[in-house]
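Take the given structure of chain V and dock chains S and L to it, following the hints.
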Amino acid sequence: MAKRLTLYITIFLLIGIGLAPVISIFIKSLFVDGEFSLQNYGTLFQSDREWRLLFNSLTLAGATTLITLLLGVPLGMLFTKTDLPLKRLFAILFVIPLIIPSYILAIAWFYCLGRSGIVAIIFNVDFGIITSNLLFGFAGTLFVMVSALLPIVIILTMTYLRMVNPNLEEAARLHCSWTMVLRKITIPLIYPGIALAALIVFILTLGEFGVPSSLRFDVYSVESFTRFSAFYDFNTATTAAMPLGIITFIVLIVERLFLRKKTFIFRAAGSEKTMVMAPLGRTKPFFMAAVSILVFILVIVPLGVLLYKSVSFSAYAEAFIRSIGSIMRSLVYASVGATCLVVFGFFLGYLLERRALKFSFAADSIAIFLFALPGTVIGIGLISLWNTPGTNFIYASMGIIIFGYIAQYTALGERVLAATFSHLPHSMEEAGQIAGADWFRRLFKILIPLAKRGMAAAWLICFIFCLRDIGITMMVYPPAHDTLPVRIFTLMANSPDDLISALCVIMIIITLLPLFGLWLANKCAKKASTLG
Amino acid sequence: MKSRVIFYIVFVGVMSLSFATGCGQKDTNEVVVYVSEDQVFSEPIFRDFEAETGIKVKAVYDTEETKSTGVMNRLIGEMHNPQADVYWANEPIRAIVLKQKGISEQYFSPNAEGIPANFKDPQGYWTGFSARARVLIVSEEGLIYQTPTSIFTYTDDIWKTKGVMANPLFGTTTSWIAALFTVWGDERARDFMKRMKENGTKVSTSNGESTMLVVNNEFLFSVVDSDDATNAMRNGKPVWQIYPDQEEGELGCLVLPNATVLIKGGPNPENGRKLIDYLLSPQTERKLAFADCAQIPLHKGVETPNDVITIGKLKLMKVDFEAVARKLQEIQPYLKEWVGY
Amino acid sequence: MIIKIDNVYKSYNKNLVIKGISIDIEKGERIVILGPSGCGKTTLLRMIAGFIHPDKGKLIIDGRIVADNGKCIIEPENRHVGMVFQDLALWPHMSSYKNLEFGLKAKNIPKMERRKRIDEIFEKVQMDRFKNVHPGELSGGQQQRIALARALVMRPTILLMDEPLSSLDTDLSLILRKEILKLQEEFAITLIYVTHDREEAFSLATRIVVMDSGMIQKTGTVKEISEYIYNASHK
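Those protein sequence lines, which keep their order, are chains V, S and L.
Going by our numbering, the first sequence opens with residue 1, and the numbers climb by one from there.
Going by our numbering, the second sequence opens with residue 1001, and the numbers climb by one from there.
Going by our numbering, the third sequence opens with residue 2001, and the numbers climb by one from there.
Okay, chain V solo, but in the shape it has when bound (with noise of 0.2 Å):
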């Protein structure tokens, strides 16, 4: 009884929190002057610009996710499964982009490529031109969000690839080549980690709205927030965000169906077995060049850039003083932000895993589509349910933010916690059962004890993620209450390079605190463990 009271009260919280604000504006979307129509609706699709935006914003997506994919299954492949050297320090590397909100990774490219970029001034104008005009336009944006998302393949990947049991690997080993055994088995037993993926990229993808607004590529999900920007107008800003939730609705349906009939295997937590590894053997020096030239592309390039434009120190002291505040609030907030995104994930993953309530994919449902909806259009909802006199002490608090950040991410807590669950066996809760334990004991003294590490790993995962949101924190955030990310971006009108350059590198460090925080506990933890 009191486990479904657990389980009802956080959907009811998701509906509330997330759900709410949205169907809010969407219920006053279909009224014209206080009467019920589809006026608004009338307007959409009027024009071909918008099936050419949402033919842009399709083919943009599509395009990543292949890309991504085609880069980041081998990758992760690599990282995990073969002897490559330095591949530790390799993954770290690739993990940067994605702690780097997408939208610096544009201005460092900018300051690369650009027509007056280190590019055109060190070889020469002609040169920047042609650079300036590969990177505005599909191109320049298609490349920054592979790099950008590209960590994601490559962390699911990994995981996915950690829980592989390793006697099916052997099992086909006894016939026939490393490379064989990764393509035909390894692979198709990731597949829901790679559609997971795939899902997420595309997701991302279609809703991101500052790299191609920054590169000149016109998609969709630009056009819905210009309607914000330039006509102030809410209702038709809500119908323009309208295509994008119905290609995620069948996004969903499709991975639904298509994961549905496969049942997988994974090893059991814990099990002592290690992975087995593939020796690369020959191919080793090309898979290290490979590699290397990768990361020196999508992740040294753009750090240096930012860190040549931000060298000096006065730069650094500027944009310290000028955003201490804003640097600390944006570290509680994220930290408070990824705890409750943790414990709704635990109860939702939970549910989604084993099925513990009837409507179990309706609540995934619902935290995925929300995770899909661009930030803005969660952001308008949240003004439009909370700013009354009677919720000022969540509309004009960090509350709204935390609503926001629940509303926008309980899709990463709860799947990454979900996918812990699945290989949790039910007879460990069971045990504790039969034992006459009650569901808060067995809540604390088996399910979270042994979800431990997927705790750890969504609570980094929604920091990160909350720490670089701007979405809906741009719409929200009470006076005097701006993150860095925010300040960030509107510092960006008419700043000097190096003052932003610096702020971006501060952000980048702040986001690798936690990640270093980790490390050291794991190794305090691990030197403990060999003296006790």
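Derived by calculation from the structure, the hints in this document are not laboratory data.
Just to be clear, a hint being listed does not mean it is correct.
With a straight-line cut-off of 20 Å between C-alpha atoms, the simulated SDA-like cross-links for lysine to any residue are [what the hints assert, rightly or not]:
(1) S:K1264 with S:N1118
(2) L:K2004 with L:G2020
(3) S:K1336 with V:N56
(4) S:K1300 with S:F1290
(5) L:K2098 with V:R183
(6) S:K1202 with V:G114
(7) S:K1237 with V:P496
(8) S:K1237 with V:R183
(9) L:K2098 with V:T236
(10) S:K1336 with V:T236
(11) V:K28 with S:H1080
(12) S:K1336 with V:S495
(13) V:K184 with L:N2132
(14) V:K184 with L:K2111
(15) L:K2058 with L:V2017
(16) V:K184 with L:K2058
(17) S:K1313 with S:F1290
(18) S:K1202 with V:L134
(19) L:K2071 with V:L280
(20) V:K452 with V:R442
(21) S:K1101 with V:T388
(22) S:K1287 with V:S495
Using the frame of chain V, we list chains S and L on its own:
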């Protein structure tokens, strides 16, 4: 067991810290301002205000043009439960939209008296200060050609495919086009737009980009905001700024002031008025003239740097901003079509 | 002699788990390696399969040196060894038929031939009705038979089995033991079977190797070993 204790300590710590930052600022001596002027320029003004009055300024800033989804939407969204006391608009059209939607409140600041009548609302719903002009920026290569003196350069055969203009759907460019419509009437303005297009004028995303394109000689001229042009020149770029249509019988140059708006039902109306007084003071105008935004003071006798013109020396385009605001909404579909959307 | 294990050592994280083991195995023998869990018997089996390599010592299969002093000379896929895993390791994303077909395809056996061999083996293990069923939908005994079939369809000369019956109930285990014996004889396979179950060992083996702590305690026929164990436990 130990790890759980640590977990609780961290959890409680984070939560209380967040409440400390969230709710701790129950400072009553404060003022909330939403700002569309660039943060780099507006923030120092607020800092001075804080130092002089002891009133804490809590600000929400806008982002760059076209990327902004920010403060105007929030002001409209928060209509029924306002959070802001003051809105600092970077051009009067937004202030007029707020007036039309009933979001702003009348306030006649004593400091507004020195501001020319055409730069403030007669009913006191908004008051203009420090202005930008719509100027021609011309590259060195362009000057070898001929010196342009008018916005008709856009329709001049000699300058075919040499001109660029920021997207007329956004920001000051929209206001400029709408102003032309009010001054000329629809027919003539549409004809101008048509010929401009036929003459191969390209559309950039912002005035900043137009400036850069001219600086790099990709195009030879553009109409941009005076702050963009002045800045480029201050940075030693080989471009010149020309105030267009200054001759007898010509149109004059469009000048767009910043504007202060008092928000109806804001939480700190008294402090809001104090901030507006401060923003409208000659000393603020002086600061904004010397800052990198190089804005033109509207009060008489305010000291300016050499490269910032005084308002008295300029032949102004005679516009009624209310009419411009109305026209702006009216021509939106036409502009969309013109841009090719 | 089909397999020669020559003074083999293996360590994990500085723990020596195989401490100088030598066994000679003749063709057609049924060797059961008997020992408690953690004695190194599975490690030894995986070494023969080629998943791990001895740090020291030599491994000869069918007259070819397959591993020598830490170097792998012949990869697992070229050792012609079949294996049934403790958890069976049936590929969950393939049907029973595809599970069997995988190895044949890898060896480039033509389609007609593949079908013939798979059908034949399905009949032998009495699983012909379950060709298109995925392993997840099969019972434990049925999965067991598919795993066995998957190993046999490759016609290996050596079959390695790692406690394959440990998760089944006694009745089923008895039935399957008989089937394994029958099939081993029919295909003339050398069987190396790892278990901790004495009864299983006695019923299957022609020769038993008793292992403990990475070393061979005793090698001998069923009779010799049963006496040895009896004596050891009644001292």
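Quick rundown of the hints versus the structure:
1. S:K1264 with S:N1118: 23 Å, violated
2. L:K2004 with L:G2020: 13 Å, holds
3. S:K1336 with V:N56: 19 Å, holds
4. S:K1300 with S:F1290: At roughly 16 Å apart (the allowed maximum being 20 Å), F1290 of chain S and K1300 of chain S satisfy the hint.
5. L:K2098 with V:R183: Answer holds: K2098 of chain L to R183 of chain V is near 15 Å, not above 20 Å.
6. S:K1202 with V:G114: 19 Å, holds
7. S:K1237 with V:P496: It holds: about 16 Å lies between the C-alpha atoms, which stays within 20 Å.
8. S:K1237 with V:R183: 57 Å, violated
9. L:K2098 with V:T236: 54 Å, violated
10. S:K1336 with V:T236: The hint holds at about 15 Å.
11. V:K28 with S:H1080: Holds, at roughly 15 Å.
12. S:K1336 with V:S495: Violated, because 30 Å separates the two Cα atoms, which is more than 20 Å.
13. V:K184 with L:N2132: 18 Å, holds
14. V:K184 with L:K2111: Holds, at about 18 Å.
15. L:K2058 with L:V2017: Status holds; Cα separation ~16 Å.
16. V:K184 with L:K2058: 32 Å, violated
17. S:K1313 with S:F1290: 18 Å, holds
18. S:K1202 with V:L134: 18 Å, holds
19. L:K2071 with V:L280: 15 Å, holds
20. V:K452 with V:R442: Since the Cα atoms of K452 of chain V and R442 of chain V sit roughly 14 Å apart, the hinted pair holds (cutoff 20 Å).
21. S:K1101 with V:T388: With a Cα-Cα distance of about 18 Å, the restraint between K1101 of chain S and T388 of chain V holds, given a limit of 20 Å.
22. S:K1287 with V:S495: 17 Å, holds
When the structure is compared with the earlier hints, violations turn up for hints 1, 8, 9, 12, 16 and for no others.
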